[in-house]
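Enquirer: Same order as they appear, the protein sequences are chains A, B, C, D, E and F.
Note that the UniProt record's numbering has the first sequence beginning at 1, numbered continuously upward.
Note that the UniProt record's numbering has the second sequence beginning at 1, numbered continuously upward.
Note that the UniProt record's numbering has the third sequence beginning at 1, numbered continuously upward.
Note that the UniProt record's numbering has the fourth sequence beginning at 1, numbered continuously upward.
Note that the UniProt record's numbering has the fifth sequence beginning at 1, numbered continuously upward.
Note that the UniProt record's numbering has the sixth sequence beginning at 1, numbered continuously upward.
Possibly wrong hints are sitting among the right ones.
Straight-line distance between alpha carbons at most 25 Å, and here's what the computed PhoX-like set of lysine-lysine pairs gives [stated by the list, open to error]:
no., chain 1, residue 1, chain 2, residue 2
1, E, Lys-197, A, Lys-198
2, C, Lys-134, D, Lys-50
3, A, Lys-181, E, Lys-130
4, B, Lys-50, A, Lys-155
5, C, Lys-50, B, Lys-73
6, E, Lys-38, D, Lys-181
7, A, Lys-155, B, Lys-134
8, A, Lys-134, B, Lys-130
9, A, Lys-50, B, Lys-134
10, E, Lys-38, A, Lys-198
11, E, Lys-130, A, Lys-198
12, D, Lys-38, B, Lys-73
13, B, Lys-58, B, Lys-73
14, B, Lys-50, A, Lys-130
15, D, Lys-197, D, Lys-61
16, D, Lys-61, D, Lys-155
17, D, Lys-130, D, Lys-155
18, C, Lys-38, D, Lys-130
19, B, Lys-197, C, Lys-50
20, A, Lys-61, A, Lys-155
21, A, Lys-181, A, Lys-61
22, C, Lys-61, B, Lys-126
23, F, Lys-197, D, Lys-58
24, E, Lys-197, E, Lys-126
25, C, Lys-73, D, Lys-61
26, E, Lys-50, F, Lys-130
27, C, Lys-197, B, Lys-126
28, A, Lys-73, B, Lys-130
29, F, Lys-130, E, Lys-134
30, F, Lys-38, A, Lys-181
31, C, Lys-50, D, Lys-134
32, E, Lys-198, A, Lys-198
33, B, Lys-155, B, Lys-58
Estimated spans, in silico, between C-beta atoms of each pair [what the hints assert, rightly or not]:
no., chain 1, residue 1, chain 2, residue 2, range
34, A, Lys-155, E, Tyr-154, 53 to 59 Å
35, F, Pro-54, A, Trp-202, 45 to 51 Å
36, F, Pro-91, C, Thr-67, 37 to 43 Å
37, E, Thr-67, A, Thr-67, 42 to 48 Å
38, A, Lys-50, B, Lys-73, 36 to 42 Å
39, A, Thr-67, C, Asp-187, 56 to 62 Å
40, B, Glu-43, E, Lys-50, 39 to 45 Å
Since the hints were derived computationally from the structure, they do not count as laboratory data.
Since we're looking at a predicted model, the values are computed, not measured.
Yeah, the Cβ is synthetic: ideal placement off N, Cα and C, and Gly gets one too.
Protein chains: 6
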Amino acid sequence: KMASSSFLLFTAILALVSWQALASDPVLVNGFVCKDPKAVTAEDFFLAAKLDMPRDTKMSKVGSNVTLVNVMKIAGLNTLGISLARIDYAPLGENPPHTHPRATEILTVLEGTLYVGFVTSNPENKLFSKELRKGEVFVFPQGLIHFQFNPNPYKPAVAIAALSSQNPGAISIANAVFGSKPMISDDVLAKAFQVEKKTVDWLQAQFWADNHN
Amino acid sequence: KMASSSFLLFTAILALVSWQALASDPVLVNGFVCKDPKAVTAEDFFLAAKLDMPRDTKMSKVGSNVTLVNVMKIAGLNTLGISLARIDYAPLGENPPHTHPRATEILTVLEGTLYVGFVTSNPENKLFSKELRKGEVFVFPQGLIHFQFNPNPYKPAVAIAALSSQNPGAISIANAVFGSKPMISDDVLAKAFQVEKKTVDWLQAQFWADNHN
Amino acid sequence: KMASSSFLLFTAILALVSWQALASDPVLVNGFVCKDPKAVTAEDFFLAAKLDMPRDTKMSKVGSNVTLVNVMKIAGLNTLGISLARIDYAPLGENPPHTHPRATEILTVLEGTLYVGFVTSNPENKLFSKELRKGEVFVFPQGLIHFQFNPNPYKPAVAIAALSSQNPGAISIANAVFGSKPMISDDVLAKAFQVEKKTVDWLQAQFWADNHN
Amino acid sequence: KMASSSFLLFTAILALVSWQALASDPVLVNGFVCKDPKAVTAEDFFLAAKLDMPRDTKMSKVGSNVTLVNVMKIAGLNTLGISLARIDYAPLGENPPHTHPRATEILTVLEGTLYVGFVTSNPENKLFSKELRKGEVFVFPQGLIHFQFNPNPYKPAVAIAALSSQNPGAISIANAVFGSKPMISDDVLAKAFQVEKKTVDWLQAQFWADNHN
Amino acid sequence: KMASSSFLLFTAILALVSWQALASDPVLVNGFVCKDPKAVTAEDFFLAAKLDMPRDTKMSKVGSNVTLVNVMKIAGLNTLGISLARIDYAPLGENPPHTHPRATEILTVLEGTLYVGFVTSNPENKLFSKELRKGEVFVFPQGLIHFQFNPNPYKPAVAIAALSSQNPGAISIANAVFGSKPMISDDVLAKAFQVEKKTVDWLQAQFWADNHN
Amino acid sequence: KMASSSFLLFTAILALVSWQALASDPVLVNGFVCKDPKAVTAEDFFLAAKLDMPRDTKMSKVGSNVTLVNVMKIAGLNTLGISLARIDYAPLGENPPHTHPRATEILTVLEGTLYVGFVTSNPENKLFSKELRKGEVFVFPQGLIHFQFNPNPYKPAVAIAALSSQNPGAISIANAVFGSKPMISDDVLAKAFQVEKKTVDWLQAQFWADNHN
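All chains, please: the whole structure from these sequences, using the hints.
Expert: Dropping the structure here:
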C-alpha cells in the first residue's frame, strides 16, 4: 500500500507552482520548473511588467512590439488558462497577420486607432474587419488569422489584449511561411502562393535574416 | 437516413452566433439567442465599450465600478472562454472581496496604485497580497476570494482585468452572504461568523436595501 | 531520435499513480508523488475511511465535521475528477457558508434533516434553499456560496456528498475573510461589510485564533 | 447588427435550466428540455429521492437495484458533471460487470460487505479487487469494467456511489453483448468468446427475454 | 416545479443527433440540426464516403483534393471530437501551407511519397520536415502551419489523415491572406510580407478569382 | 521570489516532449519520459509504421491484428488527443467486442468488407450495425461496446481507424471478463451471465492461457 505519508501536502492553490531539489537540475512539470507548494508566495502571481510604459517599435520591421505576460513570466499562471499583453504600434505600424494556436484574443485600444480584422476558415475566407477607436473592444476567435494596423501616419497606438491560454503561442504568418529555419522548399511555396520560385526565394531572403517575434 | 441537405452550413467561425426565426420567441443555445451563421458580421465580435472613459464610482457604497465585456455584450464570445473588464476605483475605493466561480483573473493597473490580494483554500487560508503600481500585473486563481483596494485618499485608480471565461460570474461575498434574496437564516450566519444574531440582522439590513453588482 | 525503448510502459489505468526512485526526494506529477505504474495495486484505489462512523463535532465552533476522501487520500483518484465526503452535524450545527473553487457538489441526507441553500451570482444573489429530509438530494453548482444547517436542537444529522473534482478545495467564507493569515486589511473589510473597523478587528480576533476547516 | 436587447439575460447559475414556449414541442438543448432562467427555482436542484429507503431487488435476476440521480432526475445538474446513486444488493446479489462510458465512480458501503473489482485495459487485464466493509471507499476509473458482489448469503448490502458525469451511462456487459436488440451475430460472439455458436444462441435466449438495467 | 415527465428521454448515445419538428425551420444545437434521439439509427454514424476512390485533382491549382468526413457529413460525430480525411495529390501536387484552428492531425501515406512539415511558433519558427514513404506516419500539432507535397513528377500520392475535432476547420494560408473576401488592405500585407503594394495587389488578383478549399 | 532564469524555455510546440538528465532514472510527466524541448526534432512526430503492410493474423485466435500508433509510439502525440491504427482481419476474422475507455473511433475500410456495430447503453442496448464496403466510414462513440467482423470466408480485410485520444486504451470484453489476472470470482460471472459456474470455469480456462491484445 502507498503510505499516505509519502504524499506532499497539496496546498490550496492547486500546486500551480512547485519545486524539487534534485541535484542541480530542476524538474519540469507541464513543461515548467516546479516549486515546493509551501514555498509559493504572492511573487509567484506577480510581475512588475511596466505595461504602462511605451515600448520601442523601432527594432521592428513591421512597426510593433508585443509585451506578453504568460506562464513563462508568471509561474502562478500554470494551468489557469489566461495571459495578458500590451501591444505598441508605431505610426503606420502593424501586428502583422498571425494566429494563436491555442487561444482566443480579446483586445481593447488604449491609445490611437486600429484597423483590425480576422479571416474565417475555408472555403469562405471572409474578412471581418473594423476600425477601432480608443476604448473599443474586438474579439479574434481561436486559431484564425488576424491582424491590427495603426492607420495613423503620425501617432502611435497602444492596445491591451487578453488571451485564453497561459501559453497561447503566436505564429506570424509571413515569418513562419517565408522565414522558417530551415526554409520550406520553394517548390511548395511557389505553388501555394501561385508565384515564381524566384519570387519565393526573394521573399525567403527577406525573412531569413530577420526573424523575430 | 438523415439527409445531408437538412443541415445548415456550419461556417468557419464555429457558429458562435446564430439566429433562428421561429414565431416571435428566440431559441436559446448555450443560454443565448442564436443567429444564422450566414448573418454573422464583424459587429458580432465588436463592442463600442468606451473602456478608455472613467466610470462613475459615486453610486457605489464601496467606491468602485466594474465594466465587464462578456458574452452578454459580445455575442461572438460564446464558447471562446475569455472576457475583459475595466475597473474604476474612487480614492479609498475598493472592489470588495469576491470570487469568480468559473474563471481566473489577470489584472494590470492603468492608473494609480492598488493593494490587491487573494486567500487560499482551507485549512491554510493564506493571504497573498501585494501593492501594485501602474503597469504591474497580478493573477487571481479561479474560485478564490480576492479584492483590490485603492489606498490613495486623493486619487482614483483604474485597472484592466481579463477573465478566463466568456461568462465568469462574480459573487461579492458581503452581498451574497448578508444581502441574498431572500435572506439566509440568521441562525446560520450568526454561527458561521461567531456573532450575535442581532449583529447579523443589522448587517443584513445594510445589504438588503442596496444589493448591486 | 527518441528510442522507443526509453519509454516506460504506460499501463492500462492511465498511469494515475506512479513512483520514481530518485535519491530520497520524491517527484511530483500534477502536484502528487508518483509511483511506478507496475507497482499500482487495488490499495491505490481504496480507503478504509470508516465513513459509516459518526465523527466528533465537539471540536468545531460551528458544530460540523467534514471527512473528505479526495486525491490526497486515494492516490488513484488523480485526474479522475471526483471525490466523496461524509459530513456530521451536531444538533444546531452547520457546515457554514463556503465555496468549492473547482467543483459542483451533490448531497444526500443519511440521518436527520438539513436546511440547505446556495446563493446565485451578482447582481441577483438569489437564495435557493430547501429543508431536506432523510434520503433527499440537493445540488450546489460550482463556485457558488452554499451551506447546510441542522435545525434540530436535539439530534445530529449526517450527509454524504460527492464533488466533481479529485481536489475540489473548500473556502469557508468567514474564515477566509476574517481569519486569513496574515489578515486582510481592516480598511478593506470595513468598507466591504459596511461596518466600523473596530467591528472588523473584533471579528478578526475571533477567527485568527481558531481557523480550521 | 445584433441588438443586445435581443439577448435574454443569462442568470448567475449558468442557465443550467431553461425553457422555451414554442407551440407544443419543447426545445432540446444538450439533449434536454430548457426552462426560462428566470423561472428556475430550488426545486430544479432538488429530488425527493428517498435514497434512505431499501429498494426491492426481487425483480432483478442478478439481485441488485440501482437508483441513479442524474440530469434526467435533477435538471439543474446539466453541465455540472456529477451524479449520485444508491445501490441495493440482495444476499448474494451483485451489480454485474459493467462500464460507464463517460464517468469514474467512487463508492462507499452503507450496509453489509461487498466484494468489488475492476479490470485494467489490454493487454494486462489485471483484476484489482477488494472486499469492502461498511464505511470503506473504492474507486472505479472511467470506462473500465467493474462489479460489486454481496458475498453474504443472508444479509443485504447497500452502497452509495458518485459518478463524474451528469449522464454517466451504464453498459451491463452480459446484457449488451448477449441481449442487444437486435442480437449481435452469433458468428461474432462465438469467435470472441471461443465457444460454440449454440452456446451463444443459448446465452442470447437468456438475455433477450429480460434485458433491463 | 419542473415535472420530470416534461423531459424527453436522453438515450444512451448522448443525444448526439436529435431533431425537432417546429414549423419548417429546423432548430440548431451546437450549430447543427437536431434529431429525436429515438429516431437515431446506424445511418447517423455511417457515410458511404468512397474514401477508397481516387479524387480528381485537376480542378485544383495546387494539385490536391481533400475529402473530409466531419460532423457535417456524419451527424453522429457531434461532440465526439474526431474526423477523418482522404487527401489526393497530383504529381508535384500539394496540400499547401494551412492550419486547423481546433485540431491536431495524424497522417499516413497510402500511395506514393510525401514531403511533409510543420513550423513551430514564434520566435523560433523551426521547420520540422520529413519525407514520408507509404505506410509511414506523421503528426501535425494543433494550430501550427503545415503542408504536404508530392515530390514525384509522374505519380500521384494518397494519404489518410485523422483530426482531433468533429469540426477541425482549415485555413489555407495563401487563400486566407491574399484571397479573403473582402481583401485585407494592401498596406497591411505589403508591410507584413515586406514587399511592394503592387506585388500584394498582383497576389490578391490571383486568389480573389479562385478561392476554394 | 522565483527567478525567471530558473525556467527552461518553453518552446513553440507546447513542450510535448521533454527530457531530464537525472542520474540514470528518467522522469515521467503525464506518465511519459520527458525530453529537453530544445532537443525535439521531426523524429518525435514521426513513425516508420509501415501501415501499408499486411499484418500476420495467424497468431490471433480471433483472426485480427491491431497496429496502434499512439503516444507510446510517437512521443510528440502527448496531450494532442489523437491516435491512428491499422487493423488486419483474416477471412472470417474479427476485432471482437471491445471498448475504448477514453476515445471515440472513426473507421474506414481499405480492403474487403466488414460487418461492424456498436451497442448503446442500458436499458435500451440497441445494436447499431452495418455492412461496410471499401471506402465507407463508420463511427463508434466513446466507451460503447463495438466490433468489426470480416464475413468473407476467403479474403482478408483491412481498415484504418482513428481514435480521439493519444492513449485511448482498449478492453476486449471476453478477455477482460473471463481472462483477467487474477480471475473474477466465478460466483460473480455465473450470476452475471446466467450460466452454471462450471461454464464460467470452462470459459476462464480458455482465456487464462492466452490473453493478448
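Enquirer: Confirm or reject each hint.
Expert: So, going through the hints one by one against the coordinates:
1. Only pairs whose Cα atoms come within 25 Å are accepted, and Lys-197(E) paired with Lys-198(A) is accepted, the gap being roughly 18 Å.
2. Restraint check: the Cα-Cα separation between Lys-134(C) and Lys-50(D) comes to about 7 Å, which is no more than 25 Å; the hinted pair holds.
3. Pair hint Lys-181(A) plus Lys-130(E) holds up; C-alpha atoms about 14 Å apart against a cutoff of 25 Å.
4. Proximity of Lys-50(B) to Lys-155(A) is assessed by CA-CA distance (about 20 Å); at most 25 Å being required, the pair is judged to hold.
5. With a CA separation close to 50 Å, the supplied pair Lys-50(C) and Lys-73(B) exceeds the 25 Å bound.
6. Between Lys-38(E) and Lys-181(D), the direct Cα distance comes to roughly 14 Å. Compliance with the 25 Å bound is thereby established for this hinted pair.
7. The suggested pairing of Lys-155(A) with Lys-134(B) holds, with an alpha-carbon distance near 23 Å, which does not exceed 25 Å.
8. Between Lys-134(A) and Lys-130(B) the CA atoms are separated by roughly 30 Å; this puts the pair beyond 25 Å, and the hint is violated.
9. Simply put, Lys-50(A) and Lys-134(B) have alpha-carbon atoms about 7 Å apart, close enough for the 25 Å limit, and the pair holds.
10. Proposed proximity of Lys-38(E) and Lys-198(A) is contradicted: the alpha carbons are some 61 Å apart, above 25 Å.
11. Distance hint between Lys-130(E) and Lys-198(A) is fulfilled; the C-alpha atoms sit about 24 Å from each other, no more than 25 Å.
12. Straight-line distance between C-alpha atoms of Lys-38(D) and Lys-73(B) comes to about 19 Å, which keeps the hinted pair within the 25 Å bound.
13. Note on Lys-58(B) and Lys-73(B): the hinted pairing holds, with a Cα-Cα distance of about 24 Å set against a maximum of 25 Å.
14. Proximity of Lys-50(B) to Lys-130(A) is assessed by CA-CA distance (about 15 Å); at most 25 Å being required, the pair is judged to hold.
15. Annotation: proposed proximity of Lys-197(D) to Lys-61(D) holds, straight-line Cα distance about 24 Å (limit 25 Å).
16. Simply put, Lys-61(D) and Lys-155(D) have alpha-carbon atoms about 17 Å apart, close enough for the 25 Å limit, and the pair holds.
17. A threshold of 25 Å between alpha carbons decides the hint, and for Lys-130(D) with Lys-155(D) the separation of about 19 Å falls inside it, so the pair holds.
18. Of the pairs offered as hints, the one joining Lys-38(C) and Lys-130(D) holds, with about 18 Å between alpha carbons and a cut-off of 25 Å not exceeded.
19. Restraint check: the Cα-Cα separation between Lys-197(B) and Lys-50(C) comes to about 36 Å, which exceeds 25 Å; the hinted pair is violated.
20. Using a Cα cut-off of 25 Å, the hinted pair Lys-61(A) and Lys-155(A) holds, with the two alpha carbons roughly 17 Å apart.
21. Between Lys-181(A) and Lys-61(A), the direct Cα distance comes to roughly 19 Å. Compliance with the 25 Å bound is thereby established for this hinted pair.
22. Restraint check for Lys-61(C) and Lys-126(B): the C-alpha separation of about 20 Å stays at or below 25 Å, so the hint holds.
23. Simply put, Lys-197(F) and Lys-58(D) have alpha-carbon atoms about 22 Å apart, close enough for the 25 Å limit, and the pair holds.
24. Pair hint Lys-197(E) plus Lys-126(E) does not hold up; C-alpha atoms about 28 Å apart against a cutoff of 25 Å.
25. Annotation: proposed proximity of Lys-73(C) to Lys-61(D) is violated, straight-line Cα distance about 36 Å (limit 25 Å).
26. Using a Cα cut-off of 25 Å, the hinted pair Lys-50(E) and Lys-130(F) holds, with the two alpha carbons roughly 15 Å apart.
27. A threshold of 25 Å between alpha carbons decides the hint, and for Lys-197(C) with Lys-126(B) the separation of about 21 Å falls inside it, so the pair holds.
28. This hinted pair checks out: Lys-73(A) and Lys-130(B) have alpha carbons roughly 17 Å apart, not beyond 25 Å.
29. Of the pairs offered as hints, the one joining Lys-130(F) and Lys-134(E) is violated, with about 29 Å between alpha carbons and a cut-off of 25 Å exceeded.
30. A C-alpha spacing of about 14 Å is found between Lys-38(F) and Lys-181(A), which places the hinted pair at or below 25 Å, so the restraint holds.
31. The suggested pairing of Lys-50(C) with Lys-134(D) holds, with an alpha-carbon distance near 7 Å, which does not exceed 25 Å.
32. Note on Lys-198(E) and Lys-198(A): the hinted pairing holds, with a Cα-Cα distance of about 17 Å set against a maximum of 25 Å.
33. Among the hinted pairs, Lys-155(B) with Lys-58(B) is consistent with the structure: their alpha-carbon atoms are about 14 Å apart, no more than 25 Å.
34. The hinted range of 53 to 59 Å is satisfied by Lys-155(A) and Tyr-154(E), whose Cβ atoms lie roughly 58 Å apart.
35. For the pair Pro-54(F) and Trp-202(A), the supplied restraint of 45 to 51 Å holds, since their beta-carbon distance comes to about 48 Å.
36. Distance hint check for Pro-91(F) and Thr-67(C): the Cβ-Cβ separation is about 59 Å, which falls outside the suggested range of 37 to 43 Å.
37. Taken as a hint, the range 42 to 48 Å holds for the pair Thr-67(E) and Thr-67(A), whose Cβ atoms sit roughly 44 Å apart.
38. At about 29 Å, the beta-carbon gap between Lys-50(A) and Lys-73(B) misses the expected band of 36 to 42 Å.
39. The supplied range of 56 to 62 Å is broken by Thr-67(A) and Asp-187(C), whose beta-carbon atoms lie about 32 Å from each other.
40. The supplied range of 39 to 45 Å is met by Glu-43(B) and Lys-50(E), whose beta-carbon atoms lie about 42 Å from each other.
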